[in-house]
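Colleague: Chain by chain, the residues:
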Amino acid sequence: MSLKIIREPINKYIQKIPLGLIHVIPERCKECGYCIDLCPKDVLTVSEERNIKGYRWPKIADGKASECIACRMCEWICPEFAIFVVEADRREYE
Amino acid sequence: MSQKGLVIKEKIVSESPRDHLIRKERFPHIWCPGCGLGTVLKCYVEAIAASSIPEDKHVVISGIGCTGRIAGYVRLDSYHVTHGRPIAFAEGMKIVRPDLEVTVISGDGDLVTIGGNHFIHAIRRNVDINVFLVNNFIYGMTGNQMGSTTPLGAKSSTSPYGCPEPPFNLPLLAAALGAPFVARWTTLHTRQLAEAMKKAFQVKGFALIEIISPCPVGFGSYNELREGKDYIKLFLENCIVDHSADLNKAAISLRPGEPIILGNFIQREMPSYHDFELEVFKKAGWLK
Ligand SMILES: Cc1ncc(C[n+]2csc(CCOP(=O)(O)OP(=O)(O)O)c2C)c(N)n1
Ligand code: SF4
Ligand code: SF4
Ligand code: SF4
Ligand SMILES: [Mg+2]
Numbered sequence: 084m085s086l087k088i089i090r091e092p093i094n095k096y097i098q099k100i101p102l103g104l105i106h107v108i109p110e111r112c113k114e115c116g117y118c119i120d121l122c123p124k125d126v127l128t129v130s131e132e133r134n135i136k137g138y139r140w141p142k143i144a145d146g147k148a149s150e151c152i153a154c155r156m157c158e159w160i161c162p163e164f165a166i167f168v169v170e171a172d173r174r175e176y177e
Numbered sequence: 004m005s006q007k008g009l010v011i012k013e014k015i016v017s018e019s020p021r022d023h024l025i026r027k028e029r030f031p032h033i034w035c036p037g038c039g040l041g042t043v044l045k046c047y048v049e050a051i052a053a054s055s056i057p058e059d060k061h062v063v064i065s066g067i068g069c070t071g072r073i074a075g076y077v078r079l080d081s082y083h084v085t086h087g088r089p090i091a092f093a094e095g096m097k098i099v100r101p102d103l104e105v106t107v108i109s110g111d112g113d114l115v116t117i118g119g120n121h122f123i124h125a126i127r128r129n130v131d132i133n134v135f136l137v138n139n140f141i142y143g144m145t146g147n148q149m150g151s152t153t154p155l156g157a158k159s160s161t162s163p164y165g166c167p168e169p170p171f172n173l174p175l176l177a178a179a180l181g182a183p184f185v186a187r188w189t190t191l192h193t194r195q196l197a198e199a200m201k202k203a204f205q206v207k208g209f210a211l212i213e214i215i216s217p218c219p220v221g222f223g224s225y226n227e228l229r230e231g232k233d234y235i236k237l238f239l240e241n242c243i244v245d246h247s248a249d250l251n252k253a254a255i256s257l258r259p260g261e262p263i264i265l266g267n268f269i270q271r272e273m274p275s276y277h278d279f280e281l282e283v284f285k286k287a288g289w290l291k
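Taken in order, these protein sequences are the chains called L and E.
Counted from 1, the first sequence has number 97 at position 14 by this note's numbering; the numbering is strictly sequential.
Counted from 1, the second sequence has number 16 at position 13 by this note's numbering; the numbering is strictly sequential.
Derived from the structure by calculation, the hints contain no laboratory data.
Possibly wrong hints are sitting among the right ones.
[Stated by the list, open to error] Some chain E residues well away from chain L (every beta-carbon gap over 12 angstroms; in silico):
| id | residue |
| --- | --- |
| 1 | 18 |
| 2 | 35 |
| 3 | 37 |
| 4 | 95 |
| 5 | 128 |
| 6 | 144 |
| 7 | 164 |
| 8 | 181 |
| 9 | 192 |
| 10 | 205 |
| 11 | 239 |
| 12 | 278 |
| 13 | 281 |
| 14 | 282 |
| 15 | 284 |
[Said to hold, decoys possible] Below, in silico cross-link-like pairs of lysine-lysine (DSSO-like), each with a Cα-Cα straight-line distance of 30 angstroms or less:
| id | chain 1 | residue 1 | chain 2 | residue 2 |
| --- | --- | --- | --- | --- |
| 16 | E | 232 | L | 147 |
| 17 | E | 232 | E | 14 |
| 18 | L | 124 | E | 201 |
| 19 | L | 124 | L | 99 |
| 20 | E | 27 | E | 252 |
| 21 | L | 124 | E | 232 |
| 22 | E | 201 | L | 136 |
| 23 | E | 236 | E | 202 |
| 24 | E | 286 | L | 99 |
| 25 | L | 124 | E | 158 |
| 26 | L | 136 | E | 27 |
| 27 | E | 232 | E | 12 |
| 28 | L | 99 | E | 7 |
| 29 | L | 124 | E | 236 |
| 30 | L | 99 | E | 12 |
Glycine is no exception: its CB is placed at the ideal position from the N, C-alpha and C atoms.
Could you put together the complete structure from these sequences and hints?
Modeller: As structure tokens, then:
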């Protein structure tokens, strides 16, 4: 028996991986980088634009649009209440 | 309705789901980029949202300092009192209004250097308040002077060659004084911190959470922690979670290879000040 078969989860077809929809409040961001550095899926990067204080807020990096798993690490660590994530059903989008 | 084929983009908005608990009209707040204080506020707001205590029963009291500004950013009844005195103020408030959930959020300099005596006696009395002490190892707001929490050898504006004094070991001090709840977390441990805050609300008696928080602009600039990410690296490399740690070894040195011990160290039931007070009131015949 191959390992692959043993390791296949029995609930594979009903399990869903959450999809996070990222929301940003640009004017609050101070570009501390916590959300970008601590995202376990490297979803975020800095935007090209700057807010009124000169800071670049986070945006989704190229090719990462559906990578967010809604762990909300970025939301919890953000000292500015500038980013939050709403969980959606991945199957609705893919 | 299916959204299949939609390109997922970040959505630009102007309000967060927790804005009803913060004074959003005062945002962006005064704290520096990378300062941990906004994350402390976030964890507190999450703990309130998850607690069963109604929002209008929560009260925040802060002293003076960068941390002391927290009282001005919560959309709750809050009091910004004289330097070193928030615990004294909170004790009075809890004794007169035992129905309120009284929380002190203030700095290390405020609570244990200038106001150290109130800290000691409130724990000895076991008054039913929560103290969330933000330790950034320094008097931040006034220009980064060393205090009683500055690690031995750490630099500051008043110890350019290194602090010549050992710091307080706060969990050990609070445990020795009989506190029923003692915890320590960092601002990187957001969920654990919010959980500990929720536990603190339930404690009958004095609950202390020491929160280790980045101050990249103040303390950090003297100690090679110039950016938030330097603190994150420090926390990731040095923090050890051990709920049953020997608190004799819990002092923080910040030297490489020496751990920062975290956990919910003490959780025990003790008679509180309010129990003793009831006894006295009964003897005095003030209660029917
Ligand atoms: C009676 C009195 N003494 C001194 C000061 C000056 N002072 C204002 S903030 C502060 C330091 C506060 O340090 P801490 O509590 O650690 O807060 P942080 O700024 O580090 O968050 C001092 C000494 C004051 N405002 N009042
Ligand atoms: S954590 Fe918050 S303030 Fe820091 S870069 Fe991200 S959105 Fe901006
Ligand atoms: S919710 Fe998690 S995965 Fe999604 S962007 Fe934030 S940190 Fe990254
Ligand atoms: S001086 Fe330090 S504690 Fe004060 S706001 Fe700046 S980073 Fe935060
Ligand atoms: Mg301080």
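Colleague: With reference to the structure, classify each hint as holding or not holding.
Modeller: Against the structure, the hints:
1. The beta carbon of residue 18 (chain E) sits about 7 angstroms from the closest Cβ of chain L, which is not more than 12 angstroms, so the claim that it is off the interface is violated.
2. Under the 12 angstroms C-beta cut-off, the non-interface status given to residue 35 (chain E) relative to chain L is violated; the minimum distance is some 8 angstroms.
3. Some Cβ of chain L comes within 12 angstroms of the Cβ of residue 37 (chain E); the nearest lies about 4 angstroms off, and the non-interface call is violated.
4. Every beta carbon of chain L lies more than 12 angstroms from that of residue 95 (chain E), the smallest distance being close to 31 angstroms; the non-interface claim holds.
5. The claim that residue 128 (chain E) lies off the interface holds: its Cβ sits roughly 34 angstroms from the closest Cβ of chain L, which is beyond the 12 angstroms cut-off.
6. For residue 144 (chain E), the condition that its CB be more than 12 angstroms from all CB atoms of chain L holds, with the nearest at approximately 16 angstroms.
7. Even its closest Cβ contact with chain L, about 30 angstroms, leaves residue 164 (chain E) beyond 12 angstroms, as expected for a residue assigned away from the interface.
8. The non-interface label for residue 181 (chain E) is consistent with chain L: the shortest C-beta to C-beta separation is roughly 33 angstroms, beyond 12 angstroms.
9. Non-interface status of residue 192 (chain E) relative to chain L is broken: a Cβ of that chain comes within 12 angstroms, the nearest being about 10 angstroms off.
10. Remark: the non-interface label on residue 205 (chain E) is consistent with the geometry, its nearest Cβ contact in chain L lying 21 angstroms away (cut-off 12 angstroms).
11. A Cβ of chain L approaches the Cβ of residue 239 (chain E) within 12 angstroms, the least distance being about 10 angstroms, so the stated non-interface status is violated.
12. Once the 12 angstroms rule is applied to beta carbons, residue 278 (chain E) is consistent with being away from chain L; the minimum gap is 37 angstroms.
13. Distance check on residue 281 (chain E): its Cβ is at least 40 angstroms (rounded) from any Cβ of chain L, clearing the 12 angstroms threshold; non-interface status holds.
14. With a cut of 12 angstroms on Cβ distances, residue 282 (chain E) stays outside the contact zone with chain L, its closest approach being about 43 angstroms.
15. Even its closest Cβ contact with chain L, about 44 angstroms, leaves residue 284 (chain E) beyond 12 angstroms, as expected for a residue assigned away from the interface.
16. A C-alpha spacing of about 23 angstroms is found between residue 232 (chain E) and residue 147 (chain L), which places the hinted pair at or below 30 angstroms, so the restraint holds.
17. Annotation: proposed proximity of residue 232 (chain E) to residue 14 (chain E) holds, straight-line Cα distance about 26 angstroms (limit 30 angstroms).
18. For a cut-off of 30 angstroms, the pair hint linking residue 124 (chain L) to residue 201 (chain E) stands: about 29 angstroms separates their Cα positions.
19. Pair hint residue 124 (chain L) plus residue 99 (chain L) holds up; C-alpha atoms about 17 angstroms apart against a cutoff of 30 angstroms.
20. Restraint check for residue 27 (chain E) and residue 252 (chain E): not satisfied, since their Cα atoms lie roughly 41 angstroms apart, outside the 30 angstroms limit.
21. Simply put, residue 124 (chain L) and residue 232 (chain E) have alpha-carbon atoms about 17 angstroms apart, close enough for the 30 angstroms limit, and the pair holds.
22. Annotation: proposed proximity of residue 201 (chain E) to residue 136 (chain L) is violated, straight-line Cα distance about 35 angstroms (limit 30 angstroms).
23. In summary, the hint linking residue 236 (chain E) to residue 202 (chain E) is supported, as the alpha carbons are separated by about 28 angstroms, within the 30 angstroms threshold.
24. With a C-alpha separation of about 63 angstroms, the suggested pair residue 286 (chain E) and residue 99 (chain L) falls outside the 30 angstroms cut-off, and the hint is violated.
25. With a C-alpha separation of about 36 angstroms, the suggested pairing of residue 124 (chain L) with residue 158 (chain E) is violated against the 30 angstroms cut-off.
26. A threshold of 30 angstroms between alpha carbons decides the hint, and for residue 136 (chain L) with residue 27 (chain E) the separation of about 17 angstroms falls inside it, so the pair holds.
27. Distance check on the hinted pair: residue 232 (chain E) and residue 12 (chain E) sit about 26 angstroms apart at the alpha-carbon level, within 30 angstroms; holds.
28. Straight-line distance between C-alpha atoms of residue 99 (chain L) and residue 7 (chain E) comes to about 16 angstroms, which keeps the hinted pair within the 30 angstroms bound.
29. Among the hinted pairs, residue 124 (chain L) with residue 236 (chain E) is consistent with the structure: their alpha-carbon atoms are about 18 angstroms apart, no more than 30 angstroms.
30. For the suggested pair residue 99 (chain L) and residue 12 (chain E), the alpha carbons sit about 21 angstroms apart, so the restraint of at most 30 angstroms is met.
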